[in-house]
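Participant: With the hints as constraints, model all of the structure from the sequences given.
Quick note: the sequence shown uses this note's numbering, first residue 21, plus one each step.
Treat each hint with caution, since some may be false.
If you anchor each label on the Cβ, the simulated ranges turn out as follows [to be verified]:
| hint | residue 1 | residue 2 | range |
| --- | --- | --- | --- |
| 1 | I272 | N236 | 19 to 27 Å |
| 2 | V153 | L240 | 39 to 47 Å |
| 3 | S107 | S225 | 42 to 50 Å |
| 4 | G93 | N184 | 37 to 45 Å |
| 5 | T108 | Y234 | 38 to 46 Å |
| 6 | P219 | Y164 | 52 to 60 Å |
| 7 | N151 | T238 | 30 to 38 Å |
| 8 | Q117 | E96 | 26 to 34 Å |
Hints are computed from structural coordinates only; laboratory data are not their basis. Where a beta carbon is used, it is the ideal one built from N, C-alpha and C, also for glycine.
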Amino acid sequence: MKRKSVNRRTSGQALIITSLVIAMLLLSTVYYVFEIQRNVSKSETTADSTLKTVKPSTVNTIVSALANFTNGGEREVLASDLSRLSSTTENHFYGGQCHLQFTPLNLSPYQDGIWISWENNGLGISSADANFVFNFSGPTATYYSEFETNVTTMLTLEGTYSSNGAEKNVNVTCTVYNENEPALANDIAMLYQNETDGPWIKADSTNSLNMIDYGNGTYLVSFKINMQSFLQVSANVHDLRDIFVLTNTTCIGV
Numbered sequence: 021m022k023r024k025s026v027n028r029r030t031s032g033q034a035l036i037i038t039s040l041v042i043a044m045l046l047l048s049t050v051y052y053v054f055e056i057q058r059n060v061s062k063s064e065t066t067a068d069s070t071l072k073t074v075k076p077s078t079v080n081t082i083v084s085a086l087a088n089f090t091n092g093g094e095r096e097v098l099a100s101d102l103s104r105l106s107s108t109t110e111n112h113f114y115g116g117q118c119h120l121q122f123t124p125l126n127l128s129p130y131q132d133g134i135w136i137s138w139e140n141n142g143l144g145i146s147s148a149d150a151n152f153v154f155n156f157s158g159p160t161a162t163y164y165s166e167f168e169t170n171v172t173t174m175l176t177l178e179g180t181y182s183s184n185g186a187e188k189n190v191n192v193t194c195t196v197y198n199e200n201e202p203a204l205a206n207d208i209a210m211l212y213q214n215e216t217d218g219p220w221i222k223a224d225s226t227n228s229l230n231m232i233d234y235g236n237g238t239y240l241v242s243f244k245i246n247m248q249s250f251l252q253v254s255a256n257v258h259d260l261r262d263i264f265v266l267t268n269t270t271c272i273g274v
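Facilitator: Below you can see the structure in the form of structure tokens.
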């Protein structure tokens, strides 16, 4: 009897220990799954946060390169600046490996990522475009994204004139856009040409130059000149990002 009692006690302890081991295994499994999910979430959050920083950086870099080029810089400045951005992004990222690849757009009308159209039709365009691939690889997660960055400053120009004897009153409307949204100009220079292939003359205070800023990207420029029947005007504009754009148009008599 005594021997049976000892076996019964031992069997009960074994069941308790077995139950504890099973419980510990279950807890360990739950904890492991929780840690994996937490690490994946943390890595994805880190990568997503980096992407949100990278995208504005690509915009700022392209703005700087386009401003440089439209003010007399070399076309290669876009690729050079983007290469520097890519290197800086990869060398200053922690928590995993990060790669930022870029390809300047080479689809007409873009060449090496840049499109300049300064014509005599009342429409001027200064634009740059590049495609990007962002790769992140961390201990527990990977992240991949493709996106395009376009920076475009556009200018529209319309002009009319009325006669007051030999003097002509000229009214020109300029509208500035950034990425198809109304934008403000930093400065506007108005030039006129009163004969075909004649010299361009800058309108200034001697022409009673006056400018009205409507605050929505539209500007009304008026001035007075002596001219023949032909009158062409040119607006030379820098937007607030220092990107330069120009266009010409022939004024219509009213």
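Participant: To test your reading of the hints: which numbers does this structure violate?
Facilitator: none
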